[in-house]
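Undergrad: Taken in order, these protein sequences are the chains called A and B.
Everything in the first sequence is counted per my numbering, starting at 136 for the first residue and increasing by one.
Everything in the second sequence is counted per my numbering, starting at 21 for the first residue and increasing by one.
Hints were generated in silico from the structure; no laboratory data involved.
Among the clues, some could well be false.
Straight-line distance between alpha carbons at most 27 Å, and here's what the computed DSS-like set of lysine-lysine pairs gives [stated by the list, open to error]:
1) 477(A) / 498(A)
2) 498(A) / 486(A)
3) 63(B) / 264(A)
4) 382(A) / 310(A)
5) 394(A) / 310(A)
6) 240(A) / 63(B)
7) 63(B) / 172(A)
8) 174(A) / 63(B)
9) 307(A) / 394(A)
10) 429(A) / 442(A)
11) 364(A) / 334(A)
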Amino acid sequence: MTDHKMSLTRRRLLGTVGAAAAVSPFAINIVRAQESKIKIGFPVPLTGPYGAEAEDQVRAAQVAIAEFNEAGGLAGRMAELLVRDDKLNPGEAATRTLELIENDKVNFIVGSLSAAVQLAVNNVTKQRKVIFNSISQSDAINEVADFSPYTFHEALNPHMTAGAVGRYAFQKFGKKVVFLTADYAYGTEMVTGFREAGKAFNIEVMGDIRHPIGATDFSTLLPRIQAMKPDILCISNFGRDQQIALKQATDFGMKKQMKIIAPILLYTGRIAAGEAAFEGVIGGTSYYWGIENKIASAKAFNDRFRKMFAGKVPSDYGSLAYGGVKTLLMGAKNAGSTDAEKVIPAVEALKYDYYKGPQYYRKCDHQSVQSVFIIESKTAPKDNPTDVFNVIAIDEPNEANLRSCEVLGHKA
Amino acid sequence: MTDLADNSAKRLAPSGFLEFARRHRTLLAALFLLVFPLLVPFKALAVNILIYGLYALGFNLLFGYLGLLSFGHSALFGAGAYICGILMVHVGMPWWAGVLLGCVAGAAMAAIIGTFAIRTSGIYFAMVTLALSQCIYYVFYQATGLTGGENGLRGVNVEMISIFGLRLNFVDPLTRYYVVAAFVIVALWILSRILASPFGAVIESVRENEARARASGYDVRRVRLVTFILSGAFCGLAGALQAIHLSIVPIELMHYETSGLVVMMALLGGMGTFFGPFVGAAVFLLLENLVSLWTVHWQLFVGAVFVVCVLFFPRGIWGSILHAMEKK
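Construct the entire structure; sequences and hints are all you get.
TA: In structure tokens, the structure reads:
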């Protein structure tokens, strides 16, 4: 009896407080709070070896935010970017993501520049039902164990990238292939992608040489490769490793004996290492600013980027941040809400062309189906030092180039 | 090194508050940990400080009290995290079993490394522990099926937990903090008991004068091994708590940088003091988080603080505070 009475009084009390709040000036605050900014958490490795790439990711994300806000936001709600340094460490990235979700109450997370970091962030976000759009390469994130409805992958994955480069190179330059690979997830996933693509061309793998990450001397490996006399040398490593390997291969005169290909040619890497090391090397990329004379959306994105950042052009990994932020914001706009359950179907429904031609997210794994550009490094003309690649082919967006939903473990 | 120990001869001379604090150090630490999350910018950082604080305390048992500098503690921390994670993800064990067995795994790993390493001392001990921890790093790195390798182990998810019939939501940041804090407080109490026991005095006697300890009839090698194993248990527990806190186990946890980090934390806070390493961990993580919000050159800043501490406060932050209070 007493309990009943108490609960009645409490209810009445709550009702009174509620009514008072509704008529008081606080009511306005409550309504305003709901219309507060759309917050996007952005963990990227500002410190560490990929700092330059990360800064470019921040710039490109700011372009997407600025465009969204200029267009009026989501019925007046403006977007805001909360940048955090993940230090290229999955533990730090997970902690920062927790901070962004628990403390800053972000609506979405976009970011990461490593496979391990994105999987760590993804594990945190999916447990808390917050949408995460990853903007760096990984095959694992598509697989059923890591995927969740809250997971999106705007970046390419190694299977798509290596597949596109392989399909181009194996039919043009020959079937005898040697792999030189950095021995970690990125390298091994790339080699798996090349081998898969090579099956259709009956390639002959003459050697599969692994080197530790952060290697500075390839001089013991390169003569072994020369002795194998392959048609193609496929170098799958990243950043500084790639620059050193290409430089030493050039010094050994290997470019005269075989064609050198790489799954990804980094714009920043090419600028840093100079033309000699990269000359004639063929690789893939998710974006190169030079496609602007063919693709209108790229032209618009580049121009906006140049305007905001003193004439700079966006890099490949940077541009992914633009796509990653923009798709979520447009999804929210179309859904008329930032509620994850409403934004997810809206993003799934997007058929977008924001900066590199048509794209869409595949339903089963939320992988962005998109084109891969095959590029060849060249000597930049004197008047434009940023003009370092020729786009020699475009691997058009095609779900057939992705691993199938069944292979990834998703139910059809 | 002369006045590192806060439980040296001065313990016998009571001096008001300080003596009270020394007697009830676990209780005071526990009370402090209850209000701690209010003082920290965000809860996940507070939990990290708890975990790294415990890791540093475990390390300090070996470094500060026994006087052996190990550069391989990441293997103990990492083993706790991985075993807890693997048992939960691949075997489907409940979280509490994972945490307890993670603690056991830290001790077991310490027994393996310790068996080889305690035969040496000084710089050789540091090198042997470093080398062995690198071997273990490589084993875990290559065992991709179990550990996830380069990508790390994911899915160490703990959601609703029930403790003695009480249902708690572990995803809630404050709940997560207090659950982890409960483990840390129990560990603090056990550590405090060990140090206050006769065995604790033997540990310090080995540090102060090995020959005299041996002459007094103590088996120095066994004391070292047992201390190493106890240190491993604390570090393993810290690792297991890290696994359930972040719901992932990254391979970086086993990297030798994690070993170096704990040395830095212990030195910063004050080695050989009971609570110093905890203070060191808190100061380091707070600095790292606050400074990296406004500059990408946070390492320069944290490094400068470290250099200043080593040059002008060789007792560490906590050690210097204790020293100043004792002088009064």
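Undergrad: Take the hints in turn and mark each one as holding or not.
TA: Hint check:
Distance hint between residue 477(A) and residue 498(A) is fulfilled; the C-alpha atoms sit about 15 Å from each other, no more than 27 Å. For a cut-off of 27 Å, the pair hint linking residue 498(A) to residue 486(A) stands: about 12 Å separates their Cα positions. For the given pair, residue 63(B) sits about 19 Å from residue 264(A) by alpha-carbon distance, which is consistent with the 27 Å threshold. The straight-line distance between the Cα atoms of residue 382(A) and residue 310(A) is roughly 24 Å, inside the 27 Å bound, and the hint therefore holds.
Simply put, residue 394(A) and residue 310(A) have alpha-carbon atoms about 11 Å apart, close enough for the 27 Å limit, and the pair holds. With a CA separation close to 13 Å, the supplied pair residue 240(A) and residue 63(B) stays within the 27 Å bound. For the hint linking residue 63(B) to residue 172(A), the alpha-carbon distance of about 23 Å falls within 27 Å, and the restraint holds. About 19 Å separates the Cα atoms of residue 174(A) and residue 63(B), which keeps this hinted pair within 27 Å; it holds.
Between residue 307(A) and residue 394(A) the alpha-carbon distance is near 10 Å, which keeps this suggested pair within the 27 Å criterion. Only pairs whose Cα atoms come within 27 Å are accepted, and residue 429(A) paired with residue 442(A) is accepted, the gap being roughly 20 Å. Pair hint residue 364(A) plus residue 334(A) holds up; C-alpha atoms about 20 Å apart against a cutoff of 27 Å.
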